[in-house]
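Trainee: Note that the sequence shown ends on residue 588 in the working numbering; no numbers are left out.
In short, the hints are calculated from the structure, not lab data. Do not take every clue at face value.
What the hints assert, rightly or not - With a Cα cut of at most 20 angstroms, we get these calculated SDA-like pairs of lysine to any residue: (1) Lys268 <-> Pro234; (2) Lys322 <-> Ser302; (3) Lys300 <-> Asn221; (4) Lys387 <-> Pro234; (5) Lys250 <-> Thr230; (6) Lys389 <-> Phe223; (7) Lys309 <-> Asp280; (8) Lys300 <-> Phe223; (9) Lys300 <-> Gln232; (10) Lys322 <-> Glu510; (11) Lys36 <-> Gln232; (12) Lys250 <-> Asp280; (13) Lys387 <-> Asp509; (14) Lys411 <-> Ser451.
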Amino acid sequence: MLIPSFLRSLPRLGRSWKPLNFSNSNNFARIPLNQKIEEENLPDYVASRYYPARIGEIFRDRYQIVGKLGFGASSTVWLARDMSYRRYVTLKIFIESASMGQHLDNELQMYKRMERYIKADNIMFGIADDSVFSDFEENELQNPCPRKELSDGRTIYLSRELRMPKDWSAPVLCDFGSAMPGELEHLEDIQPDIYRAPEVILEAPWTYSVDIWNVACMIWNIFEGESLFTGQDPEFQTYRSRAHLAEIIKLLGPPPPELLARGNLSQKFFSDQGDLLAQDLLQDRVPLEQRETSLQGDDKASFLRLIDKMLQWDPTKRSSAKELQQDEWIFPNKGAVLNLITQFWFQYLSSQIPQLKTHFLGTGLADLKMPQELRKDLLPRSMLVRKLKVFPIEAIVRGYITGSAWASYSKTGEVNGLKLPEGLQESQELPQPLYTPSTKAELGQHDENISVQQAAQIVGEKYAARIEQLAIQIYTTAKDYAKTRGIIIADTKFEFGLDEATDEVVLIDEVLTPDSSRFWPAAKYQVGRGQDSFDKQYLRDWLTKQGLKGKEGVEMPQDVVDETAKKYAEAFELLTGQSLQEALSELK
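Please construct the entire structure, taking both the sequences and the accompanying hints into account.
Mentor: The structure is reproduced here in structure tokens:
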């Protein structure tokens, strides 16, 4: 190990690389002047804005350009030799523009925003195999890349691909010059053409949900080896927004009027009735399921459902990144486990609390009357329920002090504004269950803790009192049962609806599942520390450890997915005394 360390010190001792001579390499293919290549094909290309870099050129007596790696609307990218430190580097040369200062500042600010929580297991990898670069260099010397030499002295080179490396090194993040935070709505033109979300094309306000559309297009490209949309207009033989919109319509049907009303450019593409003006482009519709050819059976069905959750005209109807990471295609059998646990609790609680009303009506073929073609896929995760008016609050009941409640108590001695006894330890059982309601946020937003009085203002005093009474009674009944099965239910949340015909408060949605509750193994319970769990606390802890909790667009490693699924199944089997596979087979 001493020799590599010594060699790395040699540049400082003056043993730098000598410049290579690329000027003798004249046996390259000359591209006709009337043929557009590389950055010339960009819609806003202005030649004078691009620095006329040349292969072999040396910057600051240190960096020598070896070849072109790529280009974009704001820069060209080159492989270069750092002659002082005898290594290969990448040079990104920005275009000359009044806005480039802001562009560069955006990139630096985005790196600072990500620095705290971007970790090595959720980003791209760099290359440890230096022979990739030396081969690139040798190829350029022996077989110079094709290029177009212009009369003004500039040369436009074709990019050269790097071969696949034998080894990968540390991950590297790059190219955030156009990145924007999503807390506010934007109108700017973003995204590569074929990845643009509808609201971007129509110049309607956009936010994080445009990234969800991007993910769908990217996943499709990975699995199918082709783009989901091309936007190629047969009349102009290039990308046009009207052709892109036509492709989306052929896949999803016409856009909702609400979206068109928000778009500054809607009238350019659509009539007052919402019809695409370029009707001739709406030919040869091929359903998505016919276009998908790489998967079969259940994998194909769940994959298409995942894509459908992301490809929605209405941005508010697209699933969030958090929801997608727990999708059935990514997290197998999760929907079935949650459905079966909820079914168990509805039936058990109804038998123990006579006055309790639930929206549960049944599961299985006899109840659902599900079409044959949907049974295999949907039956395990479906139940028949009553349609009710949902109260816009969540009823949270805490029997033990843990999670956010412990964090709040540690700082203030309070939880949701309620003063608790001094000297409580983490995970300690509370003297009596604590009711701490919260708002029920819209998709993509966060719930906010509220007081009992605020809850009464939202739903009315009569209903608020009934919800609190039922929530505590349901939690206490479930907690006592779970203890007999070796599980501690530390806390949970319920949702309720109103039967307007009878004026009754009704228990709805999922109930006492690992998604809505903290389940601890009683045998391992110990006051004064965090607990092992059967719930998604395992996932929460992993996200916290990685610095990713609360972040969008996180991809979980498969071992984390598998372990979380295992804990959900274990919780079901402990609570019900039935194996998950037996329960699933009974539904078929």
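Trainee: Next, verify each hint and record whether it holds.
Mentor: Here's how the hints hold up against the structure:
1. Between the alpha carbons of Lys268 and Pro234 the distance comes to roughly 18 angstroms, so the proposed pair stays at or under 20 angstroms and holds.
2. Between Lys322 and Ser302 the CA atoms are separated by roughly 17 angstroms; this keeps the pair inside 20 angstroms, and the hint holds.
3. Pair hint Lys300 plus Asn221 holds up; C-alpha atoms about 15 angstroms apart against a cutoff of 20 angstroms.
4. As the CA atoms of Lys387 and Pro234 are separated by approximately 48 angstroms, the hinted pair breaks the 20 angstroms bound.
5. Annotation: proposed proximity of Lys250 to Thr230 holds, straight-line Cα distance about 13 angstroms (limit 20 angstroms).
6. The hinted pair formed by Lys389 and Phe223 fails the criterion: a straight-line CA distance of about 41 angstroms is larger than 20 angstroms.
7. Our distance criterion of 20 angstroms between C-alpha atoms is broken by Lys309 and Asp280, whose separation comes to about 29 angstroms.
8. Distance restraint check for Lys300 and Phe223: the Cα-Cα separation of roughly 11 angstroms lies within the 20 angstroms cut-off, and the hinted pair is therefore satisfied.
9. For the hint linking Lys300 to Gln232, the alpha-carbon distance of about 27 angstroms lies beyond 20 angstroms, and the restraint is violated.
10. About 17 angstroms separates the Cα atoms of Lys322 and Glu510, which keeps this hinted pair within 20 angstroms; it holds.
11. Restraint check: the Cα-Cα separation between Lys36 and Gln232 comes to about 17 angstroms, which is no more than 20 angstroms; the hinted pair holds.
12. The straight-line distance between the Cα atoms of Lys250 and Asp280 is roughly 12 angstroms, inside the 20 angstroms bound, and the hint therefore holds.
13. For the hint pairing Lys387 with Asp509, the CA-to-CA distance comes to about 11 angstroms; that is within 20 angstroms, so the pair holds.
14. Under the criterion of a C-alpha separation no larger than 20 angstroms, the hint pairing Lys411 with Ser451 is consistent with the structure, at around 19 angstroms.
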